[in-house]
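My request is simple: use the sequences and hints to build the entire structure.
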Amino acid sequence: MRLPRGTPRKKRGRSYYISALAFIVLVSGLAAALYIATVRVDYVWGWNRIPQYFFYREKIEFRAETEGKIERITAEGDRRRVVVKDADGEHAIDVPAEGVRVAQGDIVSPGDLLAVHERWQAGLLMQGLWLTIKVSLIATLFGVLIGLFAGIARISTNPFFRWAALTYVEIIRGSPLLVQIFIWYFVLGTLINSILAQYGIAQIPPLWYGVASMATFAGAYVAEIVRAGIQSIHRGQNEAARSLGMSYAQAMVHVILPQAIRRILPPLAGEFISLIKDSSLLGIIAIRELTKATREVVTTSLQAFELWFICALLYLMLTFTLSLGVKYLERRMVT
Amino acid sequence: MIDVRNVFKTFWLPHELKALVDVSVSIAPGEVVVVIGPSGSGKSTLLRCLNRLETADSGHIFIDGIDVLDPRTNINKVRAEVGMVFQSFNLFPHKNVLDNITLAQKVVRKRSRAEARERAQALLRKVGIQEKSAAYPDQLSGGQQQRVAIARALAMDPKVMLFDEPTSALDPEMIGEVLEVMKNLAREGMTMVVVTHEMGFAREVADRVVFMDAGSIVEAGPPEHFFSHPTHGRTKLFLSQILK
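Taken in order, these protein sequences are the chains called A and B. For what it's worth, this note's numbering labels the leading residue of the first sequence as 76, then goes sequentially. For what it's worth, this note's numbering labels the leading residue of the second sequence as 957, then goes sequentially.
Hints were generated in silico from the structure; no laboratory data involved. Please read all numbers here as calculations on a predicted model, not as lab measurements. There's no promise every hint is true.
What the hints assert, rightly or not - Simulated coverage check for chain A against chain B, where a stretch passes if three residues somewhere in it have a Cβ under 8 Å from a Cβ of chain B:
#1 312 to 321
#2 328 to 339
As the list claims (entries may be wrong) - The list that follows gives simulated cross-link-like pairs (lysine to any residue, SDA-like), each with its CA atoms no further than 25 Å apart:
#3 K1033/B <-> V262/A
#4 K1115/B <-> A1170/B
#5 K1033/B <-> M327/A
#6 K1066/B <-> P333/A
Note that beta-carbon positions come from the ideal geometry of N, C-alpha and C, so glycine has one too.
Here it is as structure tokens:
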């Protein structure tokens, strides 16, 4: 509940401030304890070494391949076109003006530096973060589709659909995601890729088995959310729609689902949040999402403490943003 | 128009409940039949069996010559010809009044948007709430909601209208406006089956009153005869209790 602006608040008592203080002491105490412990084991904090794993300047060098002469350098805005003439003819390279290291008429030998330029590149952590978002988004999309069908099938009067959906939901919800990922990659993946190889078709990369495992996993939970959402709509709604001559599908599309979706959206977004966290398991099948990327950076930088905190913080950032969105949605659904 | 022959219906809500026992009744075009009886007597079940919201276990139900219980019957076609009004209105809360009335016209009758709107506006005028076409159901009073529900059913141009206790969920001061709409409908010659506790309505509008008890039709007859000279003991008892 939100109070309108300007509503006088209840005066806070002494116990409120004591509790608040206790909370601050707890948090800072834990942080201090952690820090003292790291000092005791001679851990060297190096936060300054972390940003390069998000973004770094990549240096690209252009060197002459053969004996030649700089024929001319032409300006195109703030870029320069350096033309080298050798026995084979003319070669051109395109670089920013400040990167040119030769002048017109220079004689160059193989290996001589012609130009350098630097550009920003996304580091491993950034790539991992992006992959995590990408995998979660695709998996959610398919998970919602699967879940919508499975959820509707789950309450179908037709035993085929009902049992199929029930079996799917129970199997998926009853086994660990880690095992499911292994099955998708090592069992189904091996089978599918071997058969594809026999027909000379390109292999499916592990990413897609990862997405498939996440989508089927999320689908089972979404199915239950959808089922509950549909069943929460009063029976009279369906009866009214059907009594007007609408078919089952028409009643679903025009009457039941539009109402159910309002109730489904908030828990669905919650499912998306747990999917983001679950995607951290995908590293085990060589998908370089955020957790795997962090592990790789840790092995090269040896800044394990900072990096794992950063990793957790990044997940927190994603999930927190989403849960803010969910709160907003929920508030809008109520009114 | 409606022909019900030897219909049985049993519910199994853990224990056996015989809702309809060998019910036969026939309703002529333009006839207004009011079904009364104590609660649990099977009146609503009978009504809901007519458009197969409940499926009768055995017997035959013909609506306009079509066997409702035949699995080969396209029930959606039958239902489009049989309007139904519920005790709890069951308007679609996510759609405004106009869209409530136009939805089935467009989806089932395949009418154009303009045509459906025109029909809806005409019906809203008929039930006396043309000014509420943009309102949502939860902004309306119970009586207004029920009148919209009647308009929604009428928009399909049904041959029969079924009313399942249409005034039971209403505040007393709103019952009159709904009954008025129903009376007008009866005067226009609509075939109607009405389950109700409104004895005044039954007396004034019904061509025939059917009294049900324990899943069977105990007694049926024109209202003047039914109310003044009931023949059956249970009918007498029920009437004495309800007309006290």
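Unmet hints by their number, sorted upward, for this structure: 3, 4
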